[in-house]
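> Using the sequences provided together with the hints, build the complete structure.
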Amino acid sequence: MRHPSPPRRFLDRLWTAWCDTLAQPSYGRPGWRFRILQLRLRHGLLLSLPALLIITWYTWHAALAHHRALGQKRAALSLELFQLHLHDLLSRDFHELGTRSTALQSGLEMVELLMAGQALDRLDARRPETDLEAGFEVGRLRIDKQTWKVRARYRGQKAWHYRYPQKSWKLRFQHPSHWEGHESILLLNSPDPDPLLELVLLEKARQIGLLVPPTSLVQLRLNASPMGVYLLETPADESTLRQNRRFPWSLYSGNGAPRDPKTGVSLLFTDTKYWRKAEGPLPKRSDYSELQALLEQLSQAAPADFADWARRHLDLNAFARLSAIDIAFGIDQHNYDENQKLYFDPYRGRFEPIVWNLRGADHEATYDRAPSPLMLRLAELPEFQVERDALVYRLLSSTATPQVLRAELEDWDAHATDAFEQDPFWDAAGILPEIGVYPELVRPMSRDQQLRWRQLTLHRLSRRASQLLDSLTTLDLQAELTPLGDGGARLSIILSGRTGLEVTSIKGKSTDDCIDSPIEAIPELPSQGGYLPMPARFNPGDLYQLLPGQRRIPRPAHASRGLVRLEPEPRLYSWRFAEEDRAVSAVTIRGRLLPSGQPFTRRLPLAPTPANAASTARQALQPCPVKFDPNPSAQTPHPWCFSRAAPEEQHFGPGIITISSTLRIADGAPVTIAPGTTFVMSRDSSLIFTGHVDAQGTETAPIRFVGTGWGSVILQGPATTGSRLKYVSVIGATRSKSDLIEYPAAVAIHDTSGITLSHVHIAPDSGGEDGLHLAYVRGATLDHVSVDGAHADGVDIEVSSVQAELLAVTNSGDDAIDLMSSDVRLAHTFVSHCNDNAVSAGERTSVTLSDSWLSGCPIGLLAKNASTARISSLLVTSAQKGARIEERSDWYTEHGQLLGEGLLTSGVAVPLDLRGHPRVEPIPRVLNTPDGQDDLLRGLGRKPGETADGFANRRRTEIRELGRPQ
Amino acid sequence: MRFLTLPSSGFVLVAASWLALVSFFVWGLREPELLRLGRQLENLELGGDENASKDLVRSVRQALRRYPKLSISLAGSTGARLLEGQRDGWARISEGHVIVALGKQTPGQLRIQCDRRTTIRIGRQSAPLQLTPKAPVLIAIPSDYHDGLLTVVSSTAGSALRIEGVRSTEGSP
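From first to last, the protein sequence lines are chains A and B. The first sequence maps to residues 1 to 966 in the working numbering. The second sequence maps to residues 1 to 173 in the working numbering.
Please note that the accuracy of each hint is not assured.
Stated by the list, open to error - List time: in silico DSS-like cross-link candidates among lysine-lysine, alpha-carbon distance up to 30 Å:
| id | chain 1 | residue 1 | chain 2 | residue 2 |
| --- | --- | --- | --- | --- |
| 1 | A | K277 | A | K149 |
| 2 | B | K69 | A | K73 |
| 3 | A | K262 | B | K69 |
Simulated from the structure, these hints should not be mistaken for lab results.
What follows is the structure in structure tokens.
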């Protein structure tokens, strides 16, 4: 008998076991396997219940995820989408099983929020997208071992901010009232798969000088439960302005507006009612006039008018920098509908962007992925284009290449990776392409996904950089020199692509004569049916910036991306050679490429017949538009349409000149005022100079601005740099406002540098405000300047650097000298009588006072808000307090300081008033009488034998006399 | 003789429910179709010049059929995206697939450029069109291709194509 093979034996045994299992036993108790197989239904139900419950649990949660992602929308849950949500839930749970046991520790700062359970319930019951301002609940916040009492609410209108366990917060500090100078902070749940990239790009924006509110990465614990990684951002607020040395004023925020029913595009840029004024002086909180003016210009102004307005009221350089960041990294967040934050500076009279949200870096084959209506119009201005493209080139070729970004991301990884991996709610939006079912689908994240996303994003940015650099360094130029009927010739240059050309010379040469000098080239502007000569300032030898043109291309309507995008278009530039008896035979063009700076030379012989006649003719039919064409397919104006005529110098005086209404010397025209000129100003009229002012009177023939209750003498803007006012008196002026700019003083000097005032006397009208106002002035010199009887501050210096010698300020209604965020040196200063501080230094001011006398004010010297006062021989008399130094302020983290030697006080109740523990070195001496200070008083002009009081009275009288009408 | 008995309903219930749970987990953990599509597109993008596989083209076509608005996010702000991998915006292919985002009723044109003289066809049926280098042309998009994939066939081997976008011609004469 043959024995079966081992496999066969094994199969036989298996079969027997199976039969035993299924067979009812003939006797005794059935085996356990039989009993299992014959399980009763109720026991079966019980045993299957866990499996059914697990299935039900996940099914319910997958359905819930679907409805949560839908938000207000309604859509059926298909099997495919159900599997997608189930996949996310299971992946997250399996991932958590592996990582949950890790203790919470990472290189990120821990922020702890404590909220009562009922408060959280109330917050959960409210919908943040419909209840933005109300609904704060009380809680406590702990950062770096310090605790604040806060009011907290959920924040954000996008789904990822509030529909998921990891919610975004807005916290307002109550006690203490500020954190690092800010009244509130945001804890944001970033929807980005790699939020570190936004942090890197924000730093890049900061490095190129843009206004960027501070942002950092933290871990949040809510009532001891870890909530994961958050972005700690401070809102764009007054503190952001102060810390960036901007005068606190209007801050507008535009984010989300209804759609135009016709086009489906956001209405944000059509009306101020869709904007919010986040900051601004209290009486002006509801005044949107600055924004109103901007929106009107955007929608109505003709191109040349818009250019003129933009040059005065928009910080073109800052907007160009923001646009460059958006373009270089393919950011699409500053669009028709979102993330618009604009600061309006009352003394520069200009809007400046605040950078907010640099998410969504990506590459698409378009230069600017999602320009706002403002950027679309600015992109027409040649100087904006040149500035923007130069920065795009610089960023992508050196300071922010994809390799640099990768290295900086890896630096961040070193202390953020653990925190991300411990994040129990790590998720992100935009991982899956939008399929049109969910508004924003948030899906769970993992480190692998983060790295994969980073690899993809950097790959895209690398492609983008290579494409942009290629387009910015490849000159596409066609040039030809063709004869004209009258014996002259025309040079035509057609530029295509994106690379511009800065022409340094165009030299025509004739072979018919022996003259070496080149033939003059006259620029022409192509116009309907012909060419027009350009304004006279376009002479040969000037620098011409030739830029390719742009055309608006209609695109599928999109709420936040609008209806158009800009594409390059060939643009014609033309010069005519028409010198009598000299026929041009060739021309040499020299220049350099924009923005790369590569040198360029081309020599063109005279071509008998035009080779590009067709394209030249087509280009020629483009006159400068006289009104704004909002048509989506309109061509943008020729860059030369934005050219400005050179300003003509103006002369005034000598003699009497009556100014009956406000006179603005526009376009930066230089002005010379002759000695002995008197301007008789009518009530409310002002004189506004926007170019260099040379007003140098003499001791015997001073220049005078006189009247009663009139406005101000104003020097506004960078073109006034180097202006000099000597032997000038300004009597009876008040304050004024013109062209959106505030001028709160009799003499207002704004946004300039290198100004000199010498032997200037200002006696404002009693109905005015300040005497002398300097804002954003770099390097002003005041010598023998006196201000008497200002209604508010005698001298108000803001965000400026000033050196003053023999400054005298008397009888001021508020502070005598008020300093904010400035660097000021005062020597031989005399202050007599004011109603508040003789010298008030605030907002990180650094003031040096030497050999000066402050008399008759409640407080001699005040140093607050992180200001530093350095003194040397400072005498304070007849005051309640000699010097008051404040250690801390709400707005700044640094301490106030008083440094140096020689604070001398006499007749002062409290020589030194220290608030908190400011740094004071050394402790000042106290004197009984100022008479011992001979050197100091002699330096201020005391005569021999004169008492201190007698000298002070004489000085005040003399200053008062300067203001009397002559 | 022993009698074989069938398993009880209780046992069947237990077995079926736990089997269902395992299957549920296996099915749930399988990569969803949309994620697979996204991953394949990313791989294609990271891979450079690689051609789109037939499987991928089919997946994209099916996904666009199921989710017509997917074309908007895939096509981006220019309204058109070539599926095949590109270098500096150029794809060296004889047959390419362009995702086009235009409303069904919206007439539009595709802006396309090539690096050498070639003839291209949009779809299989359309008339061939001559292209000269560095001169972008606008080609009318057949309405039945809107919100879907256009096939672009080039007659010259080794020529590179660049898709610059779509423009809506709604309202244009």
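> Work down the list of hints and note, for each, if the structure agrees.
Status of the hints after comparison with the structure:
1. A:K277 - A:K149: holds (26 Å)
2. B:K69 - A:K73: holds (15 Å)
3. A:K262 - B:K69: Between K262 (chain A) and K69 (chain B) the Cα gap is close to 20 Å, so the pair holds against 30 Å.
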